[in-house]
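Participant: Here is how the chains run, residue by residue.
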Amino acid sequence: MQKSLHIDPAKCTGCMQCEMACSYENYGVFNNSKSRIKVFEFHNTGRKVPYTCTQCDEAWCLHACPVEAIVIDAATGAKYVLEDVCVGCKVCTIACPFGTVNYVQDTGKVQKCDLCFGEPACAEACPTAAITYIDADWTGLERMRQWADKLDNQPQA
Amino acid sequence: MAWQRKILRVNLTKGTCVSEPLNMQWAQEYLGQRGLGTKYLVAETDPKVDPLSADNKLIFATGPLTGTMASTGGRFSVITKGPLTGAIACSNSGGYWGAELKMAGWDMVIFEGKSAKPVYLFIENDKVELRDAAHLWGKTVWVTEDTIKKAHQDPQIKVSSIGRAGESQVLYAAVVNDLHRAAGRSGVGAVMGSKNLKAIAVRGTKGVAGIANPKEFQKATMEAKKILAGNPVTGQGLPTYGTQVLMNVINESGAMPTRNHRDIQFEDARKISAEAMHEKRPTDGKANLVTNQACFGCTIACGRISKLDEKHFSVADKPQYWGASGGLEYEAAWALGSNTGVGDLEALTYVNFLCNEDGFDPISFGATVSAAMELYEMGVITDKQTGGVALKFGSAEALVKMTEMTAKGEGFGKELAQGSKRLCAKYGHPELSMTVKGQEFPAYDSRGIQGMGLAYATSNRGACHLRGYTVASEILGVPIKTDPLQTEGKAGLVKAFQDATAVFDSSGLCLFTSFAWTLNEVQPQLQAACEGDWSLDKLNLVGERIWNMERQYNNAAGFTHKDDNLPPRLLTEPAKTGPAKGLVNGLDKMLPEYYQMRGWSPEGVPTKETVQRLGL
Chain C
1 MQKSLHIDPA
11 KCTGCMQCEM
21 ACSYENYGVF
31 NNSKSRIKVF
41 EFHNTGRKVP
51 YTCTQCDEAW
61 CLHACPVEAI
71 VIDAATGAKY
81 VLEDVCVGCK
91 VCTIACPFGT
101 VNYVQDTGKV
111 QKCDLCFGEP
121 ACAEACPTAA
131 ITYIDADWTG
141 LERMRQWADK
151 LDNQPQA
Chain S
158 MAWQRKILRV
168 NLTKGTCVSE
178 PLNMQWAQEY
188 LGQRGLGTKY
198 LVAETDPKVD
208 PLSADNKLIF
218 ATGPLTGTMA
228 STGGRFSVIT
238 KGPLTGAIAC
248 SNSGGYWGAE
258 LKMAGWDMVI
268 FEGKSAKPVY
278 LFIENDKVEL
288 RDAAHLWGKT
298 VWVTEDTIKK
308 AHQDPQIKVS
318 SIGRAGESQV
328 LYAAVVNDLH
338 RAAGRSGVGA
348 VMGSKNLKAI
358 AVRGTKGVAG
368 IANPKEFQKA
378 TMEAKKILAG
388 NPVTGQGLPT
398 YGTQVLMNVI
408 NESGAMPTRN
418 HRDIQFEDAR
428 KISAEAMHEK
438 RPTDGKANLV
448 TNQACFGCTI
458 ACGRISKLDE
468 KHFSVADKPQ
478 YWGASGGLEY
488 EAAWALGSNT
498 GVGDLEALTY
508 VNFLCNEDGF
518 DPISFGATVS
528 AAMELYEMGV
538 ITDKQTGGVA
548 LKFGSAEALV
558 KMTEMTAKGE
568 GFGKELAQGS
578 KRLCAKYGHP
588 ELSMTVKGQE
598 FPAYDSRGIQ
608 GMGLAYATSN
618 RGACHLRGYT
628 VASEILGVPI
638 KTDPLQTEGK
648 AGLVKAFQDA
658 TAVFDSSGLC
668 LFTSFAWTLN
678 EVQPQLQAAC
688 EGDWSLDKLN
698 LVGERIWNME
708 RQYNNAAGFT
718 HKDDNLPPRL
728 LTEPAKTGPA
738 KGLVNGLDKM
748 LPEYYQMRGW
758 SPEGVPTKET
768 VQRLGL
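Protein chains in written order, with the working numbering: chain C, 1 to 157; chain S, 158 to 773.
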């Protein structure tokens with residue numbers, strides 16, 4: 001079964017635990033500027049939104065790469081970057097409609113979410129379940145359950 | 158090594174920025190943030206220095222856990238000699254700025270001297286420069302932050318700055334970061350203003366590496382987070398209601414200072430409480446509260462984000478205040494509301510916005526307004542001084558007007574800017590100033606919570622709830638329940654809270670974790686992060702050492718045991734209502750025992766043995 005990251009922005013508090021977990025998992029350092037998931041705070045409305053790669057089936061980044069440095073992980077479906085193949089041309093960063101592939105100055109390569117190959121550190125670190133890692137076919141299940149719960153039918157004996 | 162081992166020294170007179178190694182021996186003795194920053198101040202300045210002179214220093218210090226995954230690990234402190242009190246000033250803030258400074262590679266920034274013209278400091282990792290701030294002078298915190306981000310074309314920059322209150326040296330001016338988090342108390346913003354330093358803008362992309370024992374650290378911080386999540390206060394009360402969860406609780410306990418402490422219960426507490434913030438307004442069908450918000454790394458998320466009623470008289474013609482921003486915390490709601498007798502939630506929210514926007518402490522400001530209201534009702538202050546404003550208890554219009562005048566430095570606002578001690582002295586009624594060492598009380602009346610009287614009297618930065626929050630024990634039963642109306646046993650309780658708090662404040666963590674954590678939960682996190690021995694015994698010693706270092710500084714600055722006192726109202730006028738009815742604060746029953754437990758002489762001076770034992 002394939003899983004995907006599911007984000008419920010209404011639950012986000014802006015604590016940045018996900019960003020730290022991401023940078024720590026991938027670089028061994030607490031460094032928000034190296035995180036592959038970013039939390040946006042819209043001050044004027046009070047909204048907070050965590051945002052990262054949704055692992056498109058039609059992966060524009062993958063198709064755009066001239067050296068085939070972005071490949072698919074068979075187990076998770078994640079599109080990930082082969083660092084030793086990437087030449088840092090950044091064409092993928094242009095191709096991605098959502099801005100979730102980005103260049104890293106320190107390494108001269110691009111980076112994107114790779115779902116931590118099945119155990120996303122961001123989801124594990126999120127204290128409010130704003131980020132979860134769930135059945136890719138049923139990301140709407142929780143919302144359906146909430147609406148279903150609003151039916152005021154009474155159980156019949 | 159959770160420290161970056163590097164401090165930035167900025168000489169504003171010479172315009173120089175120099176990198177220095179952090180004194181690691183001091184780090185082992187004073188941990189970080191409050192303790193370590195104060196150690197630098199004590200070592201480098203004369204305690205008798207004029208707080209607003211070029212000879213005073215201003216220190217921004219992070220802790221070893223700042224910028225890590227430890228829950229609430231985003232704190233920093235601003236340390237200096239305070240202009241409101243003349244004592245040590247050490248104000249703690251959250252938001253994102255502290256973690257950004259740490260991630261730029263710095264443990265601490267020390268400002269010395271005074272710039273000839275307005276400047277701001279720009280830090281981008283190792284690149285550090287002082288930049289002209291002529292175009293920012295006279296601007297609010299909100300405009301300053303926005304202007305700097307736009308000028309550098311980088312929305313990820315974090316800014317800490319002063320507003321017009323800091324520039325004009327309002328004696329309780331704050332340093333505000335991330336728009337609505339503040340190093341709020343004791344006038345640290347006035348010191349920044351006196352140095353012609355408008356802001357510190359930081360972008361840090363180096364991160365925090367080199368945790369001593371990473372696996373243990375992840376395990377320890379995860380365990381500690383579970384405890385926060387499972388605790389009713391940190392897991393439910395604070396995220397849902399914020400610190401405002403206390404409004405009705407403290408009012409019912411009969412410890413809610415009202416109308417300059419004339420009363421200790423407020424009839425309109427319900428109207429300005431957390432519950433009221435959740436309710437839909439009859440005027441527009443929306444709630445005052447929009448959402449809660451966390452500071453960096455915080456898994457509690459007690460912060461309030463509020464939106465005003467656009468039709469409310471205070472903002473009906475001011476659309477710039479119709480967006481969401483930092484809402485009421487308990488202290489602000491009390492000081493601006495109960496203490497002035499104003500039960501108008503929207504007015505208080507607007508006034509709190511202004512305190513953030515122009516950077517001044519709502520506690521000291523609200524308390525100063527309430528003292529002025531009492532003087533006005535006595536006829537000592539008249540319409541002549543107030544410019545025709547009827548400064549009566551309960552008047553939201555008067556409160557709003559006074560706040561706008563103080564923010565802009567106009568009219569009677571200039572007198573309010575001096576704080577209640579100077580204001581009351583000027584008008585011949587020093588006894589009406591509800592202060593200790595010149596700093597106004599926070600939101601707990603010590604007739605209804607006896608231990609807090611001792612905590613206030615002995616607090617090293619003047620009246621303050623964040624130096625020894627025995628409310629936790631006396632009202633909430635954390636970690637053990639004690640009787641708020643009794644003085645017995647409070648000396649030891651206050652000492653224990655004061656010493657433990659010094660450790661929380663020196664580690665990079667938020668004190669609010671202590672609703673769920675004791676040092677037992679902090680210790681494994683520090684031990685895993687920091688090199689060296691960080692046993693419980695050592696932490697207790699470090700806490701006590703910090704407390705005594707601050708005390709020695711104040712003693713050298715000219716304070717004596719006579720300053721460990723409360724205003725006569727709390728010692729002679731019994732509480733009129735509530736559980737504490739008939740009681741005054743029994744400070745005289747607690748203070749001698751406290752000195753003894755501290756190892757101080759009857760004059761409040763640490764004895765030779767104490768100094769030696771603590772390695773001071």
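Each hint should be verified, as a subset may be incorrect.
As the list claims (entries may be wrong) - Here are the simulated BS3-like cross-link-like pairs (lysine-lysine), alpha carbons at most 25 Å apart as the crow flies:
id, chain 1, residue 1, chain 2, residue 2
1, C, K11, S, K475
2, S, K475, S, K565
3, S, K583, C, K150
4, S, K428, C, K109
5, C, K11, S, K583
6, S, K565, S, K583
To be verified - To list a few chain S residues with every Cβ distance to chain C over 12 Å, as calculated:
id, residue
7, C174
8, V175
9, P371
10, P396
11, R438
12, D441
13, G454
14, T456
15, S482
16, G536
17, V546
18, G689
19, P725
20, G743
Claimed, not checked - Short derived list, chain C residues pointing at chain S, Cβ under 10 Å:
id, residue
21, A125
22, T132
23, N153
24, Q154
Don't read these hints as lab results, they were simulated from the structure. Where a beta carbon is used, it is the ideal one built from N, C-alpha and C, also for glycine.
Participant: Work down the list of hints and note, for each, if the structure agrees.
Facilitator: Going down the list of hints, with the structure as the test:
For the given pair, C/K11 sits about 31 Å from S/K475 by alpha-carbon distance, which is inconsistent with the 25 Å threshold. Note on S/K475 and S/K565: the hinted pairing holds, with a Cα-Cα distance of about 16 Å set against a maximum of 25 Å. At roughly 63 Å between alpha-carbon atoms, S/K583 and C/K150 are farther apart than 25 Å, so this suggested pair is violated. For the hint linking S/K428 to C/K109, the alpha-carbon distance of about 56 Å lies beyond 25 Å, and the restraint is violated.
About 51 Å separates the Cα atoms of C/K11 and S/K583, which puts this hinted pair outside 25 Å; it is violated. As the CA atoms of S/K565 and S/K583 are separated by approximately 22 Å, the hinted pair is consistent with the 25 Å bound. With a least CB separation of 22 Å from chain C, S/C174 remains clear of the 12 Å interface cut-off, as annotated. At the 12 Å boundary, the C-beta of S/V175 stays outside the reach of chain C, the nearest C-beta of that chain being 25 Å off.
In this structure S/P371 is not separated from chain C by more than 12 Å, as the shortest Cβ-Cβ distance comes to only about 7 Å. Not every Cβ of chain C is farther than 12 Å from the Cβ of S/P396; the closest lies at roughly 8 Å, contradicting the non-interface assignment. Every beta carbon of chain C lies more than 12 Å from that of S/R438, the smallest distance being close to 16 Å; the non-interface claim holds. In this structure S/D441 is separated from chain C by more than 12 Å, as the shortest Cβ-Cβ distance comes to about 16 Å.
The beta carbon of S/G454 sits about 6 Å from the closest Cβ of chain C, which is not more than 12 Å, so the claim that it is off the interface is violated. Its beta-carbon lying about 4 Å from the closest one in chain C, S/T456 breaks the requirement of being farther than 12 Å from that chain. Interface exclusion of S/S482 from chain C breaks down, the closest Cβ pair being 7 Å apart, not more than 12 Å. Against chain C, the non-interface label of S/G536 holds: every CB pair exceeds 12 Å, the least being about 45 Å.
Against chain C, the non-interface label of S/V546 holds: every CB pair exceeds 12 Å, the least being about 31 Å. S/G689, annotated as away from the interface, keeps every beta carbon of chain C farther than 12 Å; the closest lies near 20 Å. For S/P725, the shortest C-beta to C-beta distance to chain C comes to about 44 Å, beyond the 12 Å cut-off, and the non-interface label holds. Listed as a non-interface residue, S/G743 keeps its Cβ farther than 12 Å from every Cβ of chain C; the least gap is roughly 42 Å.
Contact between C/A125 and chain S, as hinted, is supported at the beta carbon level, the nearest pair being about 7 Å apart and thus within 10 Å. Contact between C/T132 and chain S, as hinted, is not supported at the beta carbon level, the nearest pair being about 16 Å apart and thus beyond 10 Å. Checking C/N153 against chain S: minimum C-beta separation of about 28 Å lies over 10 Å; hint violated. For C/Q154, the suggested interface contact is broken, since its CB lies about 29 Å from the closest CB of chain S, more than 10 Å.
When held up to the earlier numbered hints, the structure conflicts with 1, 3, 4, 5, 9, 10, 13, 14, 15, 22, 23, 24 and fits the remainder.
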